[in-house]
Amino acid sequence: MAVAKGSAPQSGEPSKRGDRRRQLVLTLSRVWAWAFLGLLIAFFVITVPLSSNGSVNFLTVRNSQNILMAIVSVLLLGLGQTFVIITAGIDLSVGHMMSLASVVSALVLREVFNAGVPLFPAVAIGLLAALATAALVGFLQGSIIARLKVPAFIVTLGGGFVLRGVALLMSDNSTVIGLPPGVRDYGNESLMYFIPGDSGGLYFFNRPEVSGELVRSMDRILPYPVIIAAIVVILMAFLLRRTAFGRHTYAIGGNQEAALRAGIPVDRHLIQLYMLSASTAAVAGFLSTLRFTAGSAVIGDPLLMSSIAAVIIGGVSLAGGAGSIIGTVIGALIVAVLTTGLVMLNVQAFWQFIVIGIVIIVAVLIDQSRDLIVSRMRSGA
Amino acid sequence: MEQTAMTSEGNVLSREPMLSVRQLVKRFGGLTAVNKVDMDVYPGEVVGLVGDNAAGKSTLIKCIAGVHQPEEGEIYFEGRRVHFSHPIEARDAHIETIYQDLALAGNLNVGANIFMGREIKKPFLGGLVKVLDEEFMLQESRKLLEQLKIHIPDFTQEIETLSGGQRQAVAIARAVYWKAKLMIMDEPTNNLGVVEQRQVLDLVRELKSQGVPVILISHTLPDVFAVTDRIVVMHRGRKVTDKKTSETDSQEIVQYMVGALDDNRVDA
Amino acid sequence: MFKKSLLILVSIVMILSLAPATLSAQGDPIVIGFLPGVVDPFYQVMELGVNAAAEDMGVQIITQIPQTWGVEVQTPILDAMIARGDLDYLIIAPTDKDQMIGPLEAALDAGIQVITVDTFLGDGDYVNGPVTFPISYIGSDNVEGGRIAARGLAAAIGGTGKVYINSTNPNVSSVEGRAVGFNEVMANEYPDIEVVGLDFNLDDPARATEQTAAVIAREPDLAGVFGTNVFSAQGAGQAVIQAGLGGQVQVVAYDATQLAIENLRAGVVSLVLAQKPFDMGYMAVQFAVAHAAGVTSLPKRVQTGFAIIDINNVDDPAIARFIYQVP
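Protein chains in written order, with my numbering: chain A, 320 to 700; chain B, 56 to 323; chain C, 68 to 394.
Do not take every clue at face value.
Partial list, derived from the structure: chain C residues whose beta carbon lies under 7 Å from chain A [as the list claims (entries may be wrong)]:
#1 Gly125
#2 Ile129
#3 Ala147
#4 Asp163
#5 Asn238
Here are the in silico distance ranges between beta carbons for each label pair [as the list claims (entries may be wrong)]:
#6 Ile677(A) x Leu86(B): 50 to 58 Å
#7 Glu195(B) x Glu576(A): 22 to 30 Å
#8 Phe179(B) x Val683(A): 32 to 40 Å
#9 Ala357(C) x Phe557(A): 51 to 59 Å
#10 Leu183(B) x Leu476(A): 36 to 44 Å
#11 Ile365(A) x Ile308(C): 50 to 58 Å
#12 Leu183(B) x Ser370(A): 45 to 53 Å
#13 Ala361(A) x Lys234(B): 51 to 59 Å
Everything labelled a hint here was simulated from the structure, so no lab data went into it. Nothing here was measured: the structure is a model prediction, and the numbers come from that model. Every residue, glycine too, gets a C-beta built ideally from N, C-alpha and C.
From just these sequences and the hints, can you work out the full model?
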């Protein structure tokens, strides 16, 4: 009666060499984005000084902080998107959601501050208003997708247009200005400042009162928007990796029917995902309001495609089921390193589009060859 | 559920049936897919459900599993009349169905699949939030598969990298873990290699030895004869016979399947 | 896997952070960054001026032209240019008069002097206004340009009828000024002309075409359109051609692109305002060089003027040289 012997795959045990090759492809599929990022950095580290006779270096404190600043918006748009795409959905409205959040947070912050609320609580209320807007938008879009079964592509495409219109209406077709001047500090100041040399040193929280050459050589380390983005990254990675919420996200992406039969409330979960996606976009919009000291109804529009590119380069499969937050961070870093590096090389930055386009296709090819290997392993067993 | 090792036929028959279907009718438009079918399944019993294509056997079990709602007739489970309007309700009553399409998430590992939708959590950061207890789920899965004598080399492997038989085994194991009181298997050996077919049939015997009744739908008569206690044959929506496996043979069953024999017509 | 990945990520950030700081090369030729708003013929001609001046004056130019108009596109490029560490001056057309203040102050902090061309920061008054740090603003008098456009369009339509403005982006000083001047003249001098709308095409000529076509459909008696820059004028002209209303609906085009001139010859455009982007670029480099040499009396605002082109003077070499010639 027992199945004592031979439950292991018996027939067609793969040969050692073939096995090793498969392992190589599987490993490659996991680490290639890291490797590409490393190579990219190495490339710029070598070529940037060469192109400028040594007067320009890629690896500088300032530049590292620039790259981190440059990924904030794209990354935040991609974080919620990562969850959505893992379930084989898509959220095309994140760019316009970011714009709407920028306008809403600027308007609310300004009104609240003018009503006499101190700066910090006013800024916090601005953030809450942006998040509340996002929650509403995500709930509406998610409900139409999950309950009325309209494809996510259509709902978020249409939703994006609606959001853009609402943002333009609310901002009266212009940039929302007149924010309290202290707002700029939140968006542009840093946790630490470093001035090399005897008269310098490391300063925390407060920017040292210096001028002239000292300002020129001063490095800002960890600007506040970067810190906020990092906190969101950690929260999202935790949510996806360690909680039942994240597990259900993967399960829905792997086999939605199976998730449903296993008792996962798929509809409710999908609605929550679209709320999450809108929320990380809202944080991006809020941070852009701080950084540029103004709300703008057009600010997020150009970033949508870059953010989706970052997610895909990071290994999230559009077919659903696979991907990680760290991958998305790597993808966003690749996009930002490319832009910055090409500018420092004094190559026109539009070359980045060509490189990113090729990288996206390579990413998907690697993904597919991985899937092929996996299915061969299965049928070979 | 601890009524194992009492599967001699005398005992089985003396007990109350786990599942009783009475005069069940399911129509699709003008077509009567299931026509006044009676069927009983006793604890620890493996019942084979056979018939030609479109004989109505899949429709019958989908009525039991809550996928379809019958127009007429009654279903009793553990002595109580039940009416499942959704597959989730049937599953909540511990009727587990193993479909051909497996109902597993290929991108998750064995443990994650067994606990899918019912993940075990533990407190984190002093109970502030709850995180997945991967350790516990992995250990439970390992214990479970050992108990069912299923061998899977690496538990952290994604399901999609496993063979069809291994995946079928994981699906069955999941049903067992969640205390299935009745297991319905729809063509569980389809698309499997010979060795793997045998493994699945061994698993059916293992379930039986643990007291879990099984309804097995299969086209493969040797399989049906290998593991069942009783065979129910359907033909054009009607039950045409219900025989102890030990009192029939495959030639006779084929006669019923093609409509050459029909107990109920003779009776009527 | 997650922890390990995080660790590697943190290490990369640390390595990036701990690398030795650049020593900027001093004493070498002046290095000037040039960062216009978006790829279009106007800025391309400006780049020619910048490059010509660089050659004449022996300075080095680092040029980056964004593919799309927008602060989120311009700022990362700006930051990367600052991070080069070798720029002494930056010639920039800010894509938003308010939003770009912060990022450009960062350039100043990094020791880079800023000259704005075509568009300005704040209210453009670098002496008494809210923003005073740039060396100078070199550009057209856009309000005056708008007034000229208004009078030109009014004459073309006989001083009566409905007119429409197609612009690019809100809160950009240049096109905003043009609309302000245009509206002012129409309100004060032409009581029989009604301005029926203002749309923003976000630097997309296709959208400009759509918007203008929609206004033509809405206002069947539309008499004229004012396109406030390259893309607006291009889209407005295209919509009029599509509607078969060339000569019926008059178009006044800001910026003397080849396309605008073609439309002028075809009778679709009645007036073209040529700015002098070549001079803006050339002069900005001159200002940087002068500033580096210690000149302290540089004007905070320079107006480069216009050439007004119509069908009668388009072949006059003295005027035709202001048509934007992109290589």
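| query | When you take the CB atoms of Ile365(A) and Ile308(C), is the distance between them in 50 to 58 Å? | reply | About 52 Å separates the Cβ atoms of Ile365(A) and Ile308(C), which means 50 to 58 Å holds.
| field | Whether the CB-CB distance between Ala361(A) and Lys234(B) falls inside 51 to 59 Å | value | holds (57 Å)
| message | Checking hints one by one. Is Gly125(C) an interface residue toward chain A, by the C-beta closer than 7 Å rule? | response | Not OK, violated: Gly125(C) not within 7 Å of chain A, min 16 Å.
| request: Determine whether the Cβ-Cβ distance between Leu183(B) and Leu476(A) falls within the hinted range of 36 to 44 Å. | output: Holds - the Cβ-Cβ distance for Leu183(B) and Leu476(A), about 38 Å, lies within 36 to 44 Å.
| message | Looking only at beta-carbon atoms, does the pair Ile677(A), Leu86(B) fall within the given range of 50 to 58 Å? | response | Taking Cβ atoms as reference, Ile677(A) and Leu86(B) lie about 55 Å apart, which means the hint holds.
| Restraint satisfaction for Asp163(C) [CB to CB of chain A, less than 7 Å] | holds (6 Å)
| task | Check the following: the C-beta atoms of Glu195(B) and Glu576(A) are separated by a distance inside 22 to 30 Å. | result | holds (25 Å)
| Within 51 to 59 Å or not, the Cβ separation of Ala357(C) and Phe557(A)? | Holds: the Cβ-Cβ distance is about 57 Å, inside 51 to 59 Å.
| said: Assuming the hint says 45 to 53 Å, is it satisfied by the Cβ distance from Leu183(B) to Ser370(A) or not? | reply: holds (51 Å)
| query | For the hint on Ile129(C), does the least C-beta distance to chain A fall short of 7 Å? | reply | Because about 5 Å separates Ile129(C) from the closest Cβ in chain A, which is inside the 7 Å limit, the hint holds.
| said: Assuming the hint says 32 to 40 Å, is it satisfied by the Cβ distance from Phe179(B) to Val683(A) or not? | reply: holds (35 Å)
| request: For the hint on Asn238(C), just tell me whether its beta-carbon gets within less than 7 Å of chain A. | output: Interface hint status for Asn238(C): holds (4 Å vs cutoff 7 Å).
Checked against the numbered hints given earlier, the structure breaks only hint 1 and satisfies all the rest.
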